[in-house]
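If you're matching them up, the sequences are chains A and B in order. Convert by adding 2 to the 1-based position in the first sequence; the result is the number in the working numbering. Convert by adding 75 to the 1-based position in the second sequence; the result is the number in the working numbering.
Hints may contain errors.
Said to hold, decoys possible - Covered stretches of chain A (in silico footprint by chain B; criterion: 3 or more residues with CB under 8 Å from a CB of chain B, positions within the stretch not fixed):
(1) 161-175
(2) 198-209
(3) 230-236
Keep in mind that the hints were calculated from the coordinates and are not lab data. Think of the CB as a built atom: it goes at the ideal place given N, C-alpha and C, for glycine as much as any other residue.
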Amino acid sequence: MQDAITTRNLTKTFGSFTAVDAITFHVKKGEIFGFLGANGAGKTTAMRMLCGLSFPTSGKATVAGFDVATETEKIKRSIGYMSQKFSLYEDLTVRENIRFYAGIYGKSRAFIREKTSRVLQQLRLENEADKLVGALPLGWKQKLAFSVAIFHEPEIVFLDEPTGGVDPVTRREFWNLIYEAAGDGITVFVTTHYMDEAEYCDRVSIMVDGKIGALDSPKGLKETFGVNSMDEVFLKLARGAKRSDG
Amino acid sequence: MKSVTAQDLVKTYGTKKDVVTALNNVSFEVEQGELFGIIGPDGAGKTSLFRILTTLLLADSGRATVDNLDVVKDLKAIRKRVGYMPGRFSLYQDLTVAENLEFFATIFETSIQENYDLIKDIYQQIEPFKDRRAGKLSGGMKQKLALSCALIHRPGVLFLDEPTTGVDAVSRKEFWDMLKTLKRQGITILVSTPYMDEASLCDRVALIQTGNILSIDSPAGIVDNFKPTLLAVRANQMYPLLLDLQRYEGARDAYAFGEYHHLVLKSGFNEAGVRSYLDRSAHEGVEIKPSRPVIEDCFIALMKQPTGAAADNHQPSA
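Extracted from the complex, chain B is given alone in its bound form:
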């Protein structure tokens, strides 16, 4: 069963003269129990998409369903079945941890006891602070409380809008561990993030940029679709090296990538060619090796391809 479907969703803001297109014909499907990632930078349309799917915003055109219910016609039924954690902390700052959780349980006509097993692993970490006001919690604790509140009515589909933005690497890792536990309970999870490295933790991902879906596939599938030769190159002076790599005739693209630079080759060029090109320069300590592309390489390549090609990629591949 499809847990979530979106078909040709369009959302624009602004006036006729000055239109901002947040979503441009977005279509995809999410299977029951899937952990589906929406990966893209700020301004990609992630929040608009989540607000449409959670019935909080109307699309200009297109259709969407959650649990086979229409997001426009069946909004009341959908609201009972989805959990939504917005990007901005939106619990009551002047209620305590326990009061917030109690409040959300009550409005969904359930109780903390009834669904405690679902939130236990997460809530236990903040339970020692249950009498503290939510506004006085640290970032990581707020996040755990917000997730507990979004889960307390045992939703079928969970929407998490940038839960890890601005969160340090350790807390990010912990958060993804929590998501894996939830997935085992059969909850469908849609999660958005600007961090490309988090894509590999999802079952499938949609890469999205300025309202256009660039690609939808499993993380492995997206990486497999990256065809050109990718080299990792370093030298003692990294910035001059980058400028030289960008000037290389065989370079389709060259960009910094952590410890190394990544050099994407045009067809017909190879590692030996790069080596002899760099031998003619003044660089010292040159190291060149083949590299496996990761999601970020794919995202960069998709961003730079002509928009016509990106438009062909709209249809869900599942």
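Bound-form chain A, shown alone:
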């Protein structure tokens, strides 16, 4: 099976600083892939390259089969993206936000109409469809933002700390949406600071000082490091970091 993401010695330098240092990994189609690392380890820089927003200094990477150095526009069409900070337009309604983003991806009116009602039903937002997004509670906004990010049925969705600050119940509802998306064949690439969420991933990579410090299933990582939780795996790895954030 073709991989959703492949990188080979992917590197990004800023002046004399090597933010991402020759990372090599593969993400399988339909996989939930956790991308962890301490602040400053190089996660954001790596993710920006994979989304076609930043050119690699050297090395290679493909996303959905397209080259991140030469086919960035094709990549952007094949992916969805959502971050904690980037949200929807607060002064548009739920329905208008969906129509706007789906329109940008060139989806037909019939597709948008049919899928909008399905998504609203799934999120139980039917009665809020014509309310301004700004009036929704944060947790609903994040779930809606995720649904909008995958509305155009991308091959891969990138989620940058999607559950930061979200209450524990909504955080779990959010992960149910992730599982459903993965069940529909969408590859999920997700960063988080919640170590319990690392357990929900099929495989997890942990970046340390611009390199991949470890990559395995949560079970495999715990066995390798001889500990009981992902929290301890993370602390063991990140403690060894030279590029301290503090």
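Position chain B against the provided structure of chain A, taking the given hints into account.
For chain B alone, coordinates are given in the frame of chain A:
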């Protein structure tokens, strides 16, 4: 002596037609020298509460005191006695590390030398960069500088609004170690956080959600109040397992919890019942074991209880 008191604090925003209630009759008391946590997600009202207590925002109704001073009448006296670290980095980006610290010392009519012992452990970690502009610091270093600036006038009460949000697990741990050191110096600390696992590091915590305090107690006390049987369950296919657990007639609640799912049982149901229920399904690799609840289990249970029951919990338990 009570270091901080809040009595029936109400704060709303918006217009009459479209009211958002940030704080709904919030009451609690914090003892002198206590490390008190306000635990809740975004939108719970944490920042409004801290801004009222630091005299930066007026409540619609209710009363609050800090060091026995009224937050409305005695605002000038309170401002001399509290240290406040807002959630958003709010130092001068174009001043250096040393200049920022000097500035805050000067406006509080003190000097870095006078209180250096208080900030020494924290400030020494960023002192090698003292000539760097604050805007050029990493997240962790900014946080240490902000804490140093909030402490330089030796406040009696320290308010830290989400100091660890967006901070990785290692830096979070370091930050809590710093708080423990400060607590030993007798400073009362109020700290807010969306991370439930940080609750156990506080003396007492208030769990807060959409402006309502769900519970106030020691972390151990909150956990003791969780009465139903809690099981940790796993199988080879975790998501289908979760759906099956949620359909179980004896399930009060079932939700993902790291490596395992947590299953909260209704009274009258037990582990053996769950086992035979799952035996009838196609799950492989099933593992079931009793589990001790943690703060997050309690928070989820309190969030899901009828609001009437939550309202009974408003009064401070201390």
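Hints versus structure:
A count of 9 residues in the region 161-175 of chain A with a Cβ less than 8 Å from any Cβ of chain B is obtained; the coverage claim is therefore met, three being the minimum. Closer than 8 Å: that is the beta-carbon criterion, and the region 198-209 of chain A has 3 residues meeting it against chain B, so the requirement of 3 holds. Evaluation of the coverage hint for the region 230-236 of chain A: fulfilled, as 4 residues show C-beta separations to chain B shorter than 8 Å, against a requirement of three.
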